[in-house]
Amino acid sequence: EVQLVESGGGLVQPGGSLRLSCAASGLTFRTYWMFWVRQGPGEGLVWVARIDSDGSSTNYADSVKGRFTVSRDNAKNTLYLQMNNLRGEDTATYYCASDDSTGWSFFRHWGQGTLVTVSP
Amino acid sequence: QSALTQSPSVSGSPGQSVTISCTGTSNDVGGYNYVSWYRQHPGKAPKLIIYDVNKRPSGVPDRFSGSKSGSTASLTISGLQTEDEADYYCCSYAGNYNWVFGGGTKLTVL
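Chains as they are written, first to last, in the numbering used here: chain G, 1 to 120; chain W, 121 to 230.
These are calculated hints, taken from the structure and not from any lab test.
Treat the hints with care, since some could be wrong.
[Unchecked claim] Which residues of chain W face chain G? A few of them, derived with a C-beta cut under 8 Å, are:
1) Tyr154
2) Asp182
3) Phe184
4) Asn216
5) Asn218
6) Trp219
We put the CB at the ideal spot given by N, CA and C, even for glycine.
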């Protein structure tokens with residue numbers, strides 16, 4: 001069974017930084033693309049970032065480009081999201097997700113999410 | 121990237137069928153056969169129910185089906201059950217390794 005477990009969320013002041021982690025098990029982590037998707041309170045899902053299987057290629061939503069960095073450690077089966085210069089609009093539950101052996105264009109497995117609150 | 125357009129809410133009675141639409145542009149829904157649908161119950165993580173427009177992951181019943189015409193994708197749920205009451209989100213690949221979600225549709229099973 002695939003498990004993705006996020007951690008690292010919490011309360012941070014505007015302009016601050018936070019690093020989220022996503023520990024993966026039950027899948028050959030090094031072969032999957034990984035993603036971050038967020039959901040503001042009472043709002044819809046928003047794609048945030050994507051990283052390819054070996055970490056050599058990354059992509060970001062315009063709203064976080066230049067402030068967020070996605071990375072991975074395949075030896076530790078862990079995905080990261082470094083978030084800098086945080087703003088109030090970054091307040092959200094952050095989910096990590098993976099693609100699937102049958103395709104890359106969708107989010108097959110999801111973690112339970114970690115809440116990030118940006119507030120003075 | 122602008123969010124895909126979904127109706128805010130839809131409802132149906134148990135046993136009935138409902139269709140949820142998702143409208144994008146030629147840059148996303150209309151340009152790729154990479155539309156996926158997710159179901160999310162309150163306080164839970166989303167769950168993939170349709171990928172690549174009309175494919176079902178293992179474990180998803182055939183009551184769920186997807187289609188696409190031009191820049192509009194649709195999710196049809198037949199034989200509505202009470203557990204189908206949830207929020208439903210469409211998502212499309214938008215090129216250059218970017219993805220865009222719809223705003224979500226709340227399905228109420230009356």
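Checked hints:
no., hint, result
1, Tyr154, "holds (4 Å)"
2, Asp182, "violated (17 Å)"
3, Phe184, "violated (14 Å)"
4, Asn216, "holds (7 Å)"
5, Asn218, "holds (6 Å)"
6, Trp219, "holds (4 Å)"
When the structure is compared with the earlier hints, violations turn up for hints 2, 3 and for no others.
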